[in-house]
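> Line by line, the protein sequences are chains Y and Z.
Following numbering that gives the first Met the number 0, the numbering of the first sequence begins with 0 at its first residue and continues without gaps.
Following numbering that gives the first Met the number 0, the numbering of the second sequence begins with 0 at its first residue and continues without gaps.
Note that these hints are calculated values from the structure, not bench results.
For every residue, glycine included, the Cβ atom is placed at its ideal position computed from N, Cα and C.
Where hints are given, some of them may not hold.
[Claimed, not checked] From the derived model, a few chain Z residues whose C-beta atoms are all more than 12 Å from chain Y:
id: 1; residue: Glu1
id: 2; residue: Lys13
id: 3; residue: Gly17
id: 4; residue: Ala44
id: 5; residue: Glu81
[As the list claims (entries may be wrong)] Partial list, derived from the structure: chain Y residues whose beta carbon lies under 7 Å from chain Z:
id: 6; residue: Leu78
id: 7; residue: Lys183
id: 8; residue: Lys185
id: 9; residue: Val187
id: 10; residue: Thr188
id: 11; residue: Arg263
id: 12; residue: Leu295
id: 13; residue: Gln299
[As the list claims (entries may be wrong)] Using 20 Å as the maximum straight-line C-alpha spacing, the simulated DMTMM-like pairs for lysine to aspartate or glutamate come out as follows:
id: 14; chain 1: Z; residue 1: Lys13; chain 2: Y; residue 2: Glu303
id: 15; chain 1: Y; residue 1: Lys262; chain 2: Y; residue 2: Asp243
id: 16; chain 1: Y; residue 1: Lys262; chain 2: Z; residue 2: Asp24
id: 17; chain 1: Y; residue 1: Lys183; chain 2: Z; residue 2: Glu40
id: 18; chain 1: Y; residue 1: Lys262; chain 2: Z; residue 2: Glu27
id: 19; chain 1: Y; residue 1: Lys189; chain 2: Z; residue 2: Glu14
id: 20; chain 1: Y; residue 1: Lys183; chain 2: Z; residue 2: Asp15
id: 21; chain 1: Y; residue 1: Lys5; chain 2: Y; residue 2: Glu30
id: 22; chain 1: Y; residue 1: Lys183; chain 2: Z; residue 2: Asp24
id: 23; chain 1: Y; residue 1: Lys82; chain 2: Z; residue 2: Glu33
id: 24; chain 1: Y; residue 1: Lys185; chain 2: Z; residue 2: Asp24
id: 25; chain 1: Y; residue 1: Lys183; chain 2: Z; residue 2: Asp16
id: 26; chain 1: Y; residue 1: Lys262; chain 2: Y; residue 2: Asp220
id: 27; chain 1: Y; residue 1: Lys262; chain 2: Y; residue 2: Glu233
id: 28; chain 1: Y; residue 1: Lys185; chain 2: Z; residue 2: Glu14
id: 29; chain 1: Y; residue 1: Lys189; chain 2: Z; residue 2: Asp15
id: 30; chain 1: Y; residue 1: Lys82; chain 2: Y; residue 2: Glu18
id: 31; chain 1: Y; residue 1: Lys189; chain 2: Z; residue 2: Glu27
id: 32; chain 1: Y; residue 1: Lys185; chain 2: Z; residue 2: Glu40
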Amino acid sequence: MFLGVKAGGVNSVKFGGGEPLVLPYAADLIEFFAKEKFDLFLETNGTLVTPRLAELVGKAGGRASVSLDGPDEETHSLLRISKNSFEQAKRGICLLVERGIYTQVIFSIHKGNVARFVQTVALARELGASSLKVNFIQRMGRAEEMDENGSLLDVREFLDFFGRLDTDVLGDFVFFDIPIAFKKIKRVTKEMNYTCNICSVVGVLSNGDVSICGIGNLKDDLVLGNIRSKPLMEIWQAHPLFQDLYRDIPANLGGICSNCMFKRQCLGCCVVNTYNVTGRFNAGYPFCEEAHRLGLFPRQRLVEV
Amino acid sequence: MERFIFKKNVVFRKEDDGALLYDHDTGEILPLNESAADWCELLFANSFDMKAAEFEMRSRYEVDKGEDISGDMDEIIAVLKEKGYIVLAGKDS
Numbered sequence: 000m001f002l003g004v005k006a007g008g009v010n011s012v013k014f015g016g017g018e019p020l021v022l023p024y025a026a027d028l029i030e031f032f033a034k035e036k037f038d039l040f041l042e043t044n045g046t047l048v049t050p051r052l053a054e055l056v057g058k059a060g061g062r063a064s065v066s067l068d069g070p071d072e073e074t075h076s077l078l079r080i081s082k083n084s085f086e087q088a089k090r091g092i093c094l095l096v097e098r099g100i101y102t103q104v105i106f107s108i109h110k111g112n113v114a115r116f117v118q119t120v121a122l123a124r125e126l127g128a129s130s131l132k133v134n135f136i137q138r139m140g141r142a143e144e145m146d147e148n149g150s151l152l153d154v155r156e157f158l159d160f161f162g163r164l165d166t167d168v169l170g171d172f173v174f175f176d177i178p179i180a181f182k183k184i185k186r187v188t189k190e191m192n193y194t195c196n197i198c199s200v201v202g203v204l205s206n207g208d209v210s211i212c213g214i215g216n217l218k219d220d221l222v223l224g225n226i227r228s229k230p231l232m233e234i235w236q237a238h239p240l241f242q243d244l245y246r247d248i249p250a251n252l253g254g255i256c257s258n259c260m261f262k263r264q265c266l267g268c269c270v271v272n273t274y275n276v277t278g279r280f281n282a283g284y285p286f287c288e289e290a291h292r293l294g295l296f297p298r299q300r301l302v303e304v
Numbered sequence: 000m001e002r003f004i005f006k007k008n009v010v011f012r013k014e015d016d017g018a019l020l021y022d023h024d025t026g027e028i029l030p031l032n033e034s035a036a037d038w039c040e041l042l043f044a045n046s047f048d049m050k051a052a053e054f055e056m057r058s059r060y061e062v063d064k065g066e067d068i069s070g071d072m073d074e075i076i077a078v079l080k081e082k083g084y085i086v087l088a089g090k091d092s
């Protein structure tokens, strides 16, 4: 499959999950990516990173992101089913960093860890991470349960938190996963190209299902085929949903996105989240719609004010 | 002396830490730092001529008399001209 898509022009692989390193053939796959010179991006919770795996990721010239949701076991474990993963995650980060791999810490922010943000940034720096990304948790998958028990930040709370931080002091080390329309111009200049490449991405799940990205894990209606029954390139090039996506993004983005200056750069931020909420890829991005409804969307970033 | 203005359908938005130029026709966006934003405001939004703009910038940024800042202005004009955000006054389309 990978050789087929490589011949079709694909040259990078995001190896994510769930947790990709639970796959018994994870090491072989990473070795294969290195041999075939795919750009590799590993998304992991860090707990299963071994010296050998780190070595292989290094050989592949890969980059990695590791979840670290707090500066201590108690805070980090709030979101997790398995406890005692904090020390393992830290060890995983160190193994990757030691091999010179660009390693980004992912901090998924919620009500239980927001007060420990600064300490987590300090820990990430201490561990030698290259950067820290703050994720706003979308109401998808397991997060739906968190939403029901009130532990997620809402749009107002997240924007309030973002607005109170002095991003100049945090510097380039901290990156907020928030639509670029909310960022200061200094940041815009640096982050114009940090967008989801949704129009050049295809997701393959561990069971062979094909989807827009990893969303097929959560949304059955976004499973568009299976590589056991059809070549990946064929599904990718022919499925009407992919065609709709490429036709509509960004040209036919609706709602607040249709009037946003950053439409062409942001591409609707996360259109699978939009699909999850609205049933359409090209509706306005729910985060921005809610911000706009609350009067918190920056008016100066609208084309027509 | 040549005078430039923003092309029709270009939106110029000044903010605290710079400005954004947005081209309706192409959907392209160009972020500008604070001083570039000031140059643009003076030259293309407020139609200062180049000498007046330079005088104003010297005063705003307390530039020493000996320091040449006309190079900055020339560079901004060249970049924006090349990217199609400004046109010669009287030739807007």
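> Next, verify each hint and record whether it holds.
Verification of the hints:
no. : hint                : result
1   : Glu1                : holds, 28 Å
2   : Lys13               : violated, 9 Å
3   : Gly17               : violated, 4 Å
4   : Ala44               : holds, 15 Å
5   : Glu81               : holds, 18 Å
6   : Leu78               : violated, 34 Å
7   : Lys183              : holds, 5 Å
8   : Lys185              : holds, 6 Å
9   : Val187              : holds, 5 Å
10  : Thr188              : holds, 5 Å
11  : Arg263              : holds, 4 Å
12  : Leu295              : violated, 16 Å
13  : Gln299              : holds, 5 Å
14  : Z:Lys13 / Y:Glu303  : holds, 15 Å
15  : Y:Lys262 / Y:Asp243 : holds, 17 Å
16  : Y:Lys262 / Z:Asp24  : holds, 13 Å
17  : Y:Lys183 / Z:Glu40  : holds, 19 Å
18  : Y:Lys262 / Z:Glu27  : holds, 9 Å
19  : Y:Lys189 / Z:Glu14  : holds, 17 Å
20  : Y:Lys183 / Z:Asp15  : holds, 9 Å
21  : Y:Lys5 / Y:Glu30    : holds, 16 Å
22  : Y:Lys183 / Z:Asp24  : violated, 24 Å
23  : Y:Lys82 / Z:Glu33   : violated, 49 Å
24  : Y:Lys185 / Z:Asp24  : violated, 25 Å
25  : Y:Lys183 / Z:Asp16  : holds, 7 Å
26  : Y:Lys262 / Y:Asp220 : violated, 26 Å
27  : Y:Lys262 / Y:Glu233 : violated, 29 Å
28  : Y:Lys185 / Z:Glu14  : holds, 11 Å
29  : Y:Lys189 / Z:Asp15  : holds, 17 Å
30  : Y:Lys82 / Y:Glu18   : holds, 15 Å
31  : Y:Lys189 / Z:Glu27  : holds, 16 Å
32  : Y:Lys185 / Z:Glu40  : holds, 18 Å
Hints 2, 3, 6, 12, 22, 23, 24, 26 and 27 from the list above are not met by this structure, while the remaining hints are.
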